[in-house]
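Line by line, the protein sequences are chains A and B.
Numbering-wise, full-length UniProt numbering puts 42 at position 42 of the first sequence, and it's gapless, one number per residue.
Numbering-wise, full-length UniProt numbering puts 520 at position 520 of the second sequence, and it's gapless, one number per residue.
If you are wondering where the hints come from, they were derived from the structure by calculation, not from laboratory data.
Certain hints may be false.
Given that identical chains are not distinguished, each listed pair holds provided it fits within a single copy or across any two copies.
Heads up, simulated BS3-like pairs for lysine-lysine below, C-alpha to C-alpha not over 27 Å straight-line [said to hold, decoys possible]:
no.	residue 1	residue 2
1	K509	K133
2	K87	K183
3	K87	K424
4	K103	K424
5	K250	K164
6	K38	K250
7	K343	K502
8	K103	K38
9	K103	K164
There are 2 protein chains.
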Amino acid sequence: MVAAASTLLLRRLPVHHVLIVIAIACLVVVGPSCCGAKVLTAQWDVEYIFWSPDGEEHMVMGINGEFPGPGLRARVGDTLQVNVTNKLHTEGVVIHWHGIRMKGRPWADGTASISQCAIAPGETFLYSFTVDKAGTYFYHGHYGMQRSAGLYGSLIVDVAEGEKEPFEYDGEFNLLLSDWWHKSVHEQEVGLSSNPFRWINEPQSLLINGRGQYNCSLASRYNSSAALPECSLGGGEQWAPNVLKVLPNKTYRLRIASTTSLASLNLAIGGHNVTVVEADGNYVQPFSTTDVDIYSGETYSVLFTTNQNPDENYWISVGVRGRLPQTPQALALVNYLPNHASKFPTSPPPVTPQWDDYNRSKAFSNRIQGLEGTTPPPPADYDRRIMLLNTQNTIDGLTVWAINNVSLSFPPTPYLGALKYGIKAAFDQTPPPDTFPDWYDIMSPPANPNATTGNAIYTLDFNSTVDVILQNANTLQPNDSEIHPWHMHGHNFWVLGYGDGKFQRGDEKLFEKAGRRPPLKNTAVIFPFGWTALRFVADNPGAWPFHCHIEPHLHMGMGVVIAEGVEFLADVPRETLSCGLTGMMFSGNGEEGHN
Amino acid sequence: MVAAASTLLLRRLPVHHVLIVIAIACLVVVGPSCCGAKVLTAQWDVEYIFWSPDGEEHMVMGINGEFPGPGLRARVGDTLQVNVTNKLHTEGVVIHWHGIRMKGRPWADGTASISQCAIAPGETFLYSFTVDKAGTYFYHGHYGMQRSAGLYGSLIVDVAEGEKEPFEYDGEFNLLLSDWWHKSVHEQEVGLSSNPFRWINEPQSLLINGRGQYNCSLASRYNSSAALPECSLGGGEQWAPNVLKVLPNKTYRLRIASTTSLASLNLAIGGHNVTVVEADGNYVQPFSTTDVDIYSGETYSVLFTTNQNPDENYWISVGVRGRLPQTPQALALVNYLPNHASKFPTSPPPVTPQWDDYNRSKAFSNRIQGLEGTTPPPPADYDRRIMLLNTQNTIDGLTVWAINNVSLSFPPTPYLGALKYGIKAAFDQTPPPDTFPDWYDIMSPPANPNATTGNAIYTLDFNSTVDVILQNANTLQPNDSEIHPWHMHGHNFWVLGYGDGKFQRGDEKLFEKAGRRPPLKNTAVIFPFGWTALRFVADNPGAWPFHCHIEPHLHMGMGVVIAEGVEFLADVPRETLSCGLTGMMFSGNGEEGHN
Numbered sequence: 001m002v003a004a005a006s007t008l009l010l011r012r013l014p015v016h017h018v019l020i021v022i023a024i025a026c027l028v029v030v031g032p033s034c035c036g037a038k039v040l041t042a043q044w045d046v047e048y049i050f051w052s053p054d055g056e057e058h059m060v061m062g063i064n065g066e067f068p069g070p071g072l073r074a075r076v077g078d079t080l081q082v083n084v085t086n087k088l089h090t091e092g093v094v095i096h097w098h099g100i101r102m103k104g105r106p107w108a109d110g111t112a113s114i115s116q117c118a119i120a121p122g123e124t125f126l127y128s129f130t131v132d133k134a135g136t137y138f139y140h141g142h143y144g145m146q147r148s149a150g151l152y153g154s155l156i157v158d159v160a161e162g163e164k165e166p167f168e169y170d171g172e173f174n175l176l177l178s179d180w181w182h183k184s185v186h187e188q189e190v191g192l193s194s195n196p197f198r199w200i201n202e203p204q205s206l207l208i209n210g211r212g213q214y215n216c217s218l219a220s221r222y223n224s225s226a227a228l229p230e231c232s233l234g235g236g237e238q239w240a241p242n243v244l245k246v247l248p249n250k251t252y253r254l255r256i257a258s259t260t261s262l263a264s265l266n267l268a269i270g271g272h273n274v275t276v277v278e279a280d281g282n283y284v285q286p287f288s289t290t291d292v293d294i295y296s297g298e299t300y301s302v303l304f305t306t307n308q309n310p311d312e313n314y315w316i317s318v319g320v321r322g323r324l325p326q327t328p329q330a331l332a333l334v335n336y337l338p339n340h341a342s343k344f345p346t347s348p349p350p351v352t353p354q355w356d357d358y359n360r361s362k363a364f365s366n367r368i369q370g371l372e373g374t375t376p377p378p379p380a381d382y383d384r385r386i387m388l389l390n391t392q393n394t395i396d397g398l399t400v401w402a403i404n405n406v407s408l409s410f411p412p413t414p415y416l417g418a419l420k421y422g423i424k425a426a427f428d429q430t431p432p433p434d435t436f437p438d439w440y441d442i443m444s445p446p447a448n449p450n451a452t453t454g455n456a457i458y459t460l461d462f463n464s465t466v467d468v469i470l471q472n473a474n475t476l477q478p479n480d481s482e483i484h485p486w487h488m489h490g491h492n493f494w495v496l497g498y499g500d501g502k503f504q505r506g507d508e509k510l511f512e513k514a515g516r517r518p519p520l521k522n523t524a525v526i527f528p529f530g531w532t533a534l535r536f537v538a539d540n541p542g543a544w545p546f547h548c549h550i551e552p553h554l555h556m557g558m559g560v561v562i563a564e565g566v567e568f569l570a571d572v573p574r575e576t577l578s579c580g581l582t583g584m585m586f587s588g589n590g591e592e593g594h595n
Numbered sequence: 001m002v003a004a005a006s007t008l009l010l011r012r013l014p015v016h017h018v019l020i021v022i023a024i025a026c027l028v029v030v031g032p033s034c035c036g037a038k039v040l041t042a043q044w045d046v047e048y049i050f051w052s053p054d055g056e057e058h059m060v061m062g063i064n065g066e067f068p069g070p071g072l073r074a075r076v077g078d079t080l081q082v083n084v085t086n087k088l089h090t091e092g093v094v095i096h097w098h099g100i101r102m103k104g105r106p107w108a109d110g111t112a113s114i115s116q117c118a119i120a121p122g123e124t125f126l127y128s129f130t131v132d133k134a135g136t137y138f139y140h141g142h143y144g145m146q147r148s149a150g151l152y153g154s155l156i157v158d159v160a161e162g163e164k165e166p167f168e169y170d171g172e173f174n175l176l177l178s179d180w181w182h183k184s185v186h187e188q189e190v191g192l193s194s195n196p197f198r199w200i201n202e203p204q205s206l207l208i209n210g211r212g213q214y215n216c217s218l219a220s221r222y223n224s225s226a227a228l229p230e231c232s233l234g235g236g237e238q239w240a241p242n243v244l245k246v247l248p249n250k251t252y253r254l255r256i257a258s259t260t261s262l263a264s265l266n267l268a269i270g271g272h273n274v275t276v277v278e279a280d281g282n283y284v285q286p287f288s289t290t291d292v293d294i295y296s297g298e299t300y301s302v303l304f305t306t307n308q309n310p311d312e313n314y315w316i317s318v319g320v321r322g323r324l325p326q327t328p329q330a331l332a333l334v335n336y337l338p339n340h341a342s343k344f345p346t347s348p349p350p351v352t353p354q355w356d357d358y359n360r361s362k363a364f365s366n367r368i369q370g371l372e373g374t375t376p377p378p379p380a381d382y383d384r385r386i387m388l389l390n391t392q393n394t395i396d397g398l399t400v401w402a403i404n405n406v407s408l409s410f411p412p413t414p415y416l417g418a419l420k421y422g423i424k425a426a427f428d429q430t431p432p433p434d435t436f437p438d439w440y441d442i443m444s445p446p447a448n449p450n451a452t453t454g455n456a457i458y459t460l461d462f463n464s465t466v467d468v469i470l471q472n473a474n475t476l477q478p479n480d481s482e483i484h485p486w487h488m489h490g491h492n493f494w495v496l497g498y499g500d501g502k503f504q505r506g507d508e509k510l511f512e513k514a515g516r517r518p519p520l521k522n523t524a525v526i527f528p529f530g531w532t533a534l535r536f537v538a539d540n541p542g543a544w545p546f547h548c549h550i551e552p553h554l555h556m557g558m559g560v561v562i563a564e565g566v567e568f569l570a571d572v573p574r575e576t577l578s579c580g581l582t583g584m585m586f587s588g589n590g591e592e593g594h595n
């Protein structure tokens, strides 16, 4: 059935909208591997291109001349070998494979300063890794704010041949969601590191598969007093909306991934409920909903059935939540065949729920549960609990984010190599604090706003069970606390629970809501003034960032680095170690060469 | 007398114009060296800053929060130790010390892909070198188009203590000239590498010591029908013009350096003639002139005497030549004390000579002669002559510049390390051609516009005398040939002569104009449809770029690399070799690590 869907997906009809799917080009099967698994290879040139994601042309970080980058699709057990050539002029680059755990190959995680040195201009690095879990993933830049610059694409892992998903569908579509600024990321980065602080502000547009509309709206037709004029589109534009061509009375899988820099999103299909079946590459207990909250770094699969009036087309809308929306909804079209895609939906796009209705947001997050038979329950207890207080602070006049009062600053030497080869000078060897003071008042701006910059890491006992309590707090502004979706590399974690206020002894009872099965995820949100409790097993040798997936927040220091079992790695490839102190490591005499 | 001038230079008066001098801060004397020479150290953080070079704020590549970067001043024999920390977010960086020959320390030349790997973000590189020749120099970025981004500053070398210059003056001023675009260099770079080609167009402003005016003019007062309004300045602006405070009836040295990305310039002082005494760090036979042509990469010292009406102030103007000017003149004020700097000059700024009066330009260039007693004559003959044809071409739909049909593409492995360690895979080992076909018609667009990309080098016999004939030609447009100022690293060359048309056998006789003493320079222009003959001795072990100093032209491939005597270098520091194949060189087993 997926094959049928693929045919459907790849058909392009001469309508004024275009059908956008994840292109599966550029992936070449080079040979058989064990058990039907294959080795898939691709050559990617990363370079800036001029592109019009929303009707206004800007410089975008593309791959092989495309934006978003080429879609990847593989089966469980396949090995991906993506050869990345940096064709930027002066910037390094890496590519992170978001949600792939990289078991046994932590150096392929694609994080500058952590798993490898950035690939220098003109150089090539081979990302080689096996995908071991079916699901919806994506990839993106993980150096500076190159994700915001457009360096991202889709990565789908199908079940192994002969295996079945725990649900059925007739076809599928893939929607990679992002937000887009007209100001260059270089300027954004500098503004964030400036005194006075210059915030990036809200995005100019939201994009679905790299397509959005700026200064015009597809929905103005429904509103005679609309602020924006109706978009005038010929159909071939880079910013023409996605069209999902469906047949009546079928069930489709919609894969949704959010690689936004900032925005928390909500997606809904006009007139159709959806059933959530997958989150972050893990099956979840199916539940029906009118709309889906999706935070940066999350992925979902939802099923929807084309059971509405087949004479109509319908809108998919994606809007901002969690921050006062200043960006129009992104829209895509569900085109019931044989209607023409130009047939305008009778009903306006779904309205995004009130941005600050956090009770609604929490209710949605709490509905995500592991699927019995696919999601093991978490270990009954933890070996270590780490409390991470998220605060906004100042350091030398700069505005930063800090975790337990430490704002993460990435060192020039990658942690993985430094750990493997015992290069203690590479980063601060005094571990960061496991908790924060009891007296800290999370409901007020920090009494002392000063934080410190640091690059120390949390070293975890291999195979130990670790709980993390992510504690939110008030920002530097009174009565303000923000949403932060935290993403962990190299692991899935169980989301034990969400709570309001400061985590207190005894709040563990909140983990055990009647019958609730904690879901496995790689990204989980903390709500304003709230906490989120996670549990994971430190079973993946390597060094891994765990950070707020809002890119400017990470840029401002909102993350930590964990490491475990590096001693069990036989080797760390030299190609990942050509910078910093590891770069000097293999020279006979570093001092001699000092000019 | 220089000391007195320094005091004068460092005084800032509360006027609405400001006195801008090269700050000599940040240079710390750390200890005595041989013969009165000193070791001067500085710590430089390279980072983007927001700045208003011409009244419009943009991102500028600054050093220690300043634009232009800090001025350096040393004496002959001093050692400079400049510790450069890259505080950019994702870009590498290097700093080239333009005009300093780097004898015995070619790895300190600061050219990415040639003398070193770019310094990665977060990393620090120590540039340590001795200055062995008094003169006017400057430094600048030499990676991508980072010079155009604002990464430059002044470097002055005074004669050794107790030594004297061959001329006298009462005070001195330093004018570092540049051109400035509002579009980011990233976008400029991508445009140059795009199909269709996007030229950077003319600069928005010309800057003197980093100060210019956009969308207003200081000179509108003289012209009631001026297109631009008069600038409204409070005096403290980053874009307020330079004020040179002088006393009547004194002689001042004006040090002029051009680090323009594109523009060929002409400088004149209203009502004052100047006497040219130095060019590119070499003394020249003094001559008097109303104005000075200065091409990108050149430096001059001129003397002027404040012998005009002392009740008046006067303009210094800098305008564009060699291209149709679309950029207003840059202006600075010569303020005769005790007049107030706010006293507007009675006379308008000098008018820049007609941009395409090349006969006038050639006459000026031909007046530059070596100063007997300071400039040795060139060797009587050459050991090898290399003819370099400069053409504009296309490669795979891209517009490029090529030399003997090869467009230079810098490899990821630095030449110096590759040569020293015999890494043949680092660049093409087949040398580029020493000449071009006799039949080539320089007066027409190339019959076959296709060129090839290459990175091979010219290997010169150590201590041999080499002639280079730089041959200009028609561009891709009929009846069009451009100015190209060629700059050689690591050497001075004698400018044997300039000629029109195609260099022919027998044109050598043009070298020997009666009594003309070829000047030593490091930058020499080729005029449209003409040739320029240079001679130099290959006496500096290392690998050295020789290229058009117009930064977009170099970016488009307009350069060659020469190398000589690398075998005589005892070592090349490891710090310069952490990228490309040299980065892998010191690993036990590169293949093993390949993931």
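Checked against the structure, which of the hints given earlier come out wrong? Numbers 1, 6, 7 - these are the hints that the structure violates, sorted from lowest upward.
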